[in-house]
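Peer 1: One letter stands for each residue in the lines below.
Protein chains: 2
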Amino acid sequence: MYQFFVEPTQIQDKRVVITGNDVNHIKNVLRMKIGEEIAVRCSGDDKEYRCGIEEFAQDEVICSLRFVREEGVELPSRIYLFQCLPKADKMEFVIQKAVELGVHEIIPVAAKRCVVKLDEKKAQAKVSRWQGIAEAAAKQCRRGVIPTVRMPMNIKEALSYAGGMDVRLLPYELSEDGMKRTRQLIEGIEPGKSVAVLIGPEGGFEESEVEMAYTAGVTPITLGRRILRTETAGLVVLSWLMYRLEA
Amino acid sequence: MYQFFVEPTQIQDKRVVITGNDVNHIKNVLRMKIGEEIAVRCSGDDKEYRCGIEEFAQDEVICSLRFVREEGVELPSRIYLFQCLPKADKMEFVIQKAVELGVHEIIPVAAKRCVVKLDEKKAQAKVSRWQGIAEAAAKQCRRGVIPTVRMPMNIKEALSYAGGMDVRLLPYELSEDGMKRTRQLIEGIEPGKSVAVLIGPEGGFEESEVEMAYTAGVTPITLGRRILRTETAGLVVLSWLMYRLEA
Chain X
54 MYQFFVEPTQ
64 IQDKRVVITG
74 NDVNHIKNVL
84 RMKIGEEIAV
94 RCSGDDKEYR
104 CGIEEFAQDE
114 VICSLRFVRE
124 EGVELPSRIY
134 LFQCLPKADK
144 MEFVIQKAVE
154 LGVHEIIPVA
164 AKRCVVKLDE
174 KKAQAKVSRW
184 QGIAEAAAKQ
194 CRRGVIPTVR
204 MPMNIKEALS
214 YAGGMDVRLL
224 PYELSEDGMK
234 RTRQLIEGIE
244 PGKSVAVLIG
254 PEGGFEESEV
264 EMAYTAGVTP
274 ITLGRRILRT
284 ETAGLVVLSW
294 LMYRLEA
Chain U
54 MYQFFVEPTQ
64 IQDKRVVITG
74 NDVNHIKNVL
84 RMKIGEEIAV
94 RCSGDDKEYR
104 CGIEEFAQDE
114 VICSLRFVRE
124 EGVELPSRIY
134 LFQCLPKADK
144 MEFVIQKAVE
154 LGVHEIIPVA
164 AKRCVVKLDE
174 KKAQAKVSRW
184 QGIAEAAAKQ
194 CRRGVIPTVR
204 MPMNIKEALS
214 YAGGMDVRLL
224 PYELSEDGMK
234 RTRQLIEGIE
244 PGKSVAVLIG
254 PEGGFEESEV
264 EMAYTAGVTP
274 ITLGRRILRT
284 ETAGLVVLSW
294 LMYRLEA
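Line by line, the protein sequences give chains X and U. According to the working numbering, the stretch in the first sequence is residues 54 to 300, in order. According to the working numbering, the stretch in the second sequence is residues 54 to 300, in order.
Pulled out of the complex, with its shape left as it was, chain X reads as follows (with noise of 0.2 Å):
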C-alpha cells in the first residue's frame, strides 16, 4: 500500500485530492490504475485516510475516501535527535533510519570535532535536500508526520533549544555509569514526555561540549561496552526509546 501526505484542506468530506509532484508519482512511476487503493495522511493528525483513486485530472488524482484508520501510528512522546555532522552522505542514512525509528525531528549540530562545515547557502541547500529525505522515509514506513530536519545549530543553540524538553540524554564512552543506571534513566521516561538525544561526531564530543551539555541539565547514558559510529549511535538510543515508549 502507498501512502502519500496532503494538507488537510485536500480532505474535503469524502473527496481527498491529491496535488504536487506525488500526481506525476501515482500518474507516470507508479502507473496506479482507477480503483486503486492509496494511504492519505495529513500530517500531524495520525490519522490514516483510505482512499480509492477515482480521477486522473491535469494537476490532480481525485479520489474517495473509503474509511479513517483512527489508531495512530506515532510514538506518545516526541523525540529530537541532535546529531554532529557526520563525514560523507552519512546524515542521509541517519535521517531516513531515524525516521523509521519514529523520530520527532532532526537537528544538524555543529560541534567542534565536526569535519564537515557549512555555510549558510549550502546548508541550506543540505536542509532541503535532508527534508526530503526525511519526507520519503515518512511515506515509505507510513509515519503519520514527516519529521522536520532543522538548520544546522552551533552547540550552544542546540543545548538552548534542548532545554524545553523533558529529558536530555547524551551518549558519552567515557561515562562512569553504567548500563543499569543507563536502563534505569531509560525506564523512568513516562510515555508523552519530550526527549532530546545528542549524538557527537566522528571524533566524539570535546570535553568542554560535554561540560557545557552537562551544565545545561544533560544527562550522560552509555551505549555497552563497544565503540559505536556516530551514525549507529542514534540508532541505538532510537531503538531504546522505541522499547520503552511503543503503547
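If you are wondering where the hints come from, they were derived from the structure by calculation, not from laboratory data. Please note that the accuracy of each hint is not assured.
Listing some non-contacts, in silico: residues in chain X with all C-beta distances to chain U over 12 Å [as the list claims (entries may be wrong)]:
hint: 1; residue: Cys-194
hint: 2; residue: Lys-209
hint: 3; residue: Glu-299
Here are the simulated DSS-like pairs of lysine-lysine, each with C-alpha atoms no more than 27 Å apart in a straight line [as the list claims (entries may be wrong)]:
hint: 4; chain 1: X; residue 1: Lys-143; chain 2: U; residue 2: Lys-174
hint: 5; chain 1: U; residue 1: Lys-143; chain 2: X; residue 2: Lys-179
hint: 6; chain 1: U; residue 1: Lys-192; chain 2: U; residue 2: Lys-80
hint: 7; chain 1: U; residue 1: Lys-233; chain 2: X; residue 2: Lys-233
hint: 8; chain 1: U; residue 1: Lys-174; chain 2: X; residue 2: Lys-246
hint: 9; chain 1: X; residue 1: Lys-143; chain 2: U; residue 2: Lys-140
hint: 10; chain 1: U; residue 1: Lys-140; chain 2: U; residue 2: Lys-100
hint: 11; chain 1: U; residue 1: Lys-80; chain 2: X; residue 2: Lys-192
hint: 12; chain 1: U; residue 1: Lys-165; chain 2: U; residue 2: Lys-143
hint: 13; chain 1: X; residue 1: Lys-233; chain 2: U; residue 2: Lys-100
hint: 14; chain 1: U; residue 1: Lys-143; chain 2: X; residue 2: Lys-140
hint: 15; chain 1: U; residue 1: Lys-175; chain 2: X; residue 2: Lys-80
hint: 16; chain 1: U; residue 1: Lys-179; chain 2: X; residue 2: Lys-143
hint: 17; chain 1: X; residue 1: Lys-140; chain 2: U; residue 2: Lys-140
hint: 18; chain 1: U; residue 1: Lys-192; chain 2: U; residue 2: Lys-170
hint: 19; chain 1: X; residue 1: Lys-192; chain 2: X; residue 2: Lys-246
hint: 20; chain 1: X; residue 1: Lys-175; chain 2: X; residue 2: Lys-165
hint: 21; chain 1: U; residue 1: Lys-86; chain 2: U; residue 2: Lys-246
hint: 22; chain 1: U; residue 1: Lys-165; chain 2: X; residue 2: Lys-140
hint: 23; chain 1: X; residue 1: Lys-100; chain 2: U; residue 2: Lys-233
hint: 24; chain 1: X; residue 1: Lys-233; chain 2: U; residue 2: Lys-246
hint: 25; chain 1: X; residue 1: Lys-140; chain 2: U; residue 2: Lys-192
hint: 26; chain 1: X; residue 1: Lys-192; chain 2: X; residue 2: Lys-209
hint: 27; chain 1: U; residue 1: Lys-143; chain 2: U; residue 2: Lys-100
hint: 28; chain 1: X; residue 1: Lys-140; chain 2: X; residue 2: Lys-175
hint: 29; chain 1: X; residue 1: Lys-192; chain 2: U; residue 2: Lys-179
hint: 30; chain 1: U; residue 1: Lys-233; chain 2: U; residue 2: Lys-192
hint: 31; chain 1: X; residue 1: Lys-192; chain 2: X; residue 2: Lys-165
hint: 32; chain 1: X; residue 1: Lys-209; chain 2: X; residue 2: Lys-175
Each residue gets a CB set at the ideal place from its N, CA and C atoms; glycine is no exception.
With chain X held as given, fit chain U onto it using these hints.
Peer 2: Positioned in the frame of chain X, the structure of chain U alone reads:
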C-alpha cells in the same frame, strides 16, 4: 587506539607478534612508530593485550606486552542474526552494524521472496567479502571476537540450525501480539542464553515460511507500528537485546 586480532600462538609471554595483512597496515597505512601503543586481541578470549611496538621486521611487527585488561567487552549471550538476503549492498551494511551491536554470528538466508539469488560459487565469494567486512568492523569497534559470517542457508536449514539456540525471535508485521508481549519476551531472556533473530527479506516472509518457523518453535515479536526496512529490523532487535543483556 588501533586494535588488531592475533592467534593465541602469536602471544608469547611478554612478546606479541603481528603477522599477515596487519603488518603492511601498521607500517605503510597507519605509519605507526616504535613505542606507539596498540590493542591486541585473541578472537574469543575477550581480553585486551595492550602492547607497545618494539620492532619492525620484514613480515612481522614485534611488540612488547604492557598489560592485560581482563574486563570483557562481549555481551553475555551469543546472538545469531539470520538475515534474509537483501537487495544491492545492504548485506554489507547489516554486517557492519550487527558487528558493532555485538552479534556473534551472521547467517545469510535465502527465503522465497529474496530477489538476490546466489549459486555456490557466487556465495563463496560473497561470504569471503562479508567476512572481511565483519573483521574490519570488529577491529574498529574493538570487539573481543570476530563474528563469523556463515554460508547462506535456505529456510529449512536455517530453522534447523536455530533449533540449537535457547531463544528464537521473528519480527513479523502481521503478528497479533503487541509491544507489551514483545517486551515480556525480551525481558525473559536470561544473560547467557543464546538468541536467534530471524529477519525477512524486503517483501517479508511468505506465510508458509512463517508457519514453518512457528512449527519449529520460533516466537513472533513486533517492532512497533511503523514499517521497518529489512536492513533496519535486525539492528532494532540487536539494540533491544543489548539493552536487556549488557551487564
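Peer 1: Run every hint past the structure and note whether it holds.
Peer 2: Here is how each hint holds up against the structure:
1. With a closest Cβ-Cβ approach of about 5 Å to chain U, X/Cys-194 is found to fall inside the 12 Å limit, against its non-interface label.
2. No beta-carbon of chain U is positioned within 12 Å of the beta-carbon of X/Lys-209; the least distance is around 30 Å.
3. Chain U draws X/Glu-299 into its interface by the beta-carbon criterion, the shortest separation being 4 Å against a cut-off of 12 Å.
4. With a C-alpha separation of about 33 Å, the suggested pairing of X/Lys-143 with U/Lys-174 is violated against the 27 Å cut-off.
5. Simply put, U/Lys-143 and X/Lys-179 have alpha-carbon atoms about 24 Å apart, close enough for the 27 Å limit, and the pair holds.
6. Between U/Lys-192 and U/Lys-80 the CA atoms are separated by roughly 17 Å; this keeps the pair inside 27 Å, and the hint holds.
7. For the proposed pair U/Lys-233 and X/Lys-233, the alpha carbon gap of about 21 Å is at most 27 Å, so the pair holds.
8. Between the alpha carbons of U/Lys-174 and X/Lys-246 the distance comes to roughly 53 Å, so the proposed pair goes past 27 Å and is violated.
9. A C-alpha spacing of about 20 Å is found between X/Lys-143 and U/Lys-140, which places the hinted pair at or below 27 Å, so the restraint holds.
10. A C-alpha spacing of about 37 Å is found between U/Lys-140 and U/Lys-100, which places the hinted pair above 27 Å, so the restraint is violated.
11. Proximity of U/Lys-80 to X/Lys-192 is assessed by CA-CA distance (about 49 Å); at most 27 Å being required, the pair is judged violated.
12. Restraint check for U/Lys-165 and U/Lys-143: the C-alpha separation of about 18 Å stays at or below 27 Å, so the hint holds.
13. Restraint check for X/Lys-233 and U/Lys-100: the C-alpha separation of about 22 Å stays at or below 27 Å, so the hint holds.
14. Only pairs whose Cα atoms come within 27 Å are accepted, and U/Lys-143 paired with X/Lys-140 is accepted, the gap being roughly 20 Å.
15. Taken as a hint, the U/Lys-175 and X/Lys-80 pair is broken in the structure, with Cα atoms around 39 Å apart against an allowance of 27 Å.
16. Note on U/Lys-179 and X/Lys-143: the hinted pairing holds, with a Cα-Cα distance of about 24 Å set against a maximum of 27 Å.
17. Of the supplied pair hints, the one linking X/Lys-140 and U/Lys-140 holds, its CA atoms being roughly 25 Å apart against a limit of 27 Å.
18. With a C-alpha separation of about 30 Å, the suggested pair U/Lys-192 and U/Lys-170 falls outside the 27 Å cut-off, and the hint is violated.
19. Of the supplied pair hints, the one linking X/Lys-192 and X/Lys-246 holds, its CA atoms being roughly 25 Å apart against a limit of 27 Å.
20. Between the alpha carbons of X/Lys-175 and X/Lys-165 the distance comes to roughly 18 Å, so the proposed pair stays at or under 27 Å and holds.
21. Our distance criterion of 27 Å between C-alpha atoms is broken by U/Lys-86 and U/Lys-246, whose separation comes to about 43 Å.
22. At roughly 37 Å between alpha-carbon atoms, U/Lys-165 and X/Lys-140 are farther apart than 27 Å, so this suggested pair is violated.
23. Distance restraint check for X/Lys-100 and U/Lys-233: the Cα-Cα separation of roughly 22 Å lies within the 27 Å cut-off, and the hinted pair is therefore satisfied.
24. A hinted pair counts as satisfied when its Cα atoms are at most 27 Å apart, and X/Lys-233 with U/Lys-246 qualifies at roughly 19 Å.
25. In summary, the hint linking X/Lys-140 to U/Lys-192 is supported, as the alpha carbons are separated by about 20 Å, within the 27 Å threshold.
26. Distance check on the hinted pair: X/Lys-192 and X/Lys-209 sit about 33 Å apart at the alpha-carbon level, beyond 27 Å; violated.
27. A threshold of 27 Å between alpha carbons decides the hint, and for U/Lys-143 with U/Lys-100 the separation of about 32 Å lies outside it, so the pair is violated.
28. Straight-line distance between C-alpha atoms of X/Lys-140 and X/Lys-175 comes to about 15 Å, which keeps the hinted pair within the 27 Å bound.
29. For the hint pairing X/Lys-192 with U/Lys-179, the CA-to-CA distance comes to about 32 Å; that exceeds 27 Å, so the pair is violated.
30. Restraint check: the Cα-Cα separation between U/Lys-233 and U/Lys-192 comes to about 37 Å, which exceeds 27 Å; the hinted pair is violated.
31. As the CA atoms of X/Lys-192 and X/Lys-165 are separated by approximately 34 Å, the hinted pair breaks the 27 Å bound.
32. In summary, the hint linking X/Lys-209 to X/Lys-175 is supported, as the alpha carbons are separated by about 21 Å, within the 27 Å threshold.
Hint check: violations occur at hints 1, 3, 4, 8, 10, 11, 15, 18, 21, 22, 26, 27, 29, 30, 31; the rest are consistent with the structure.
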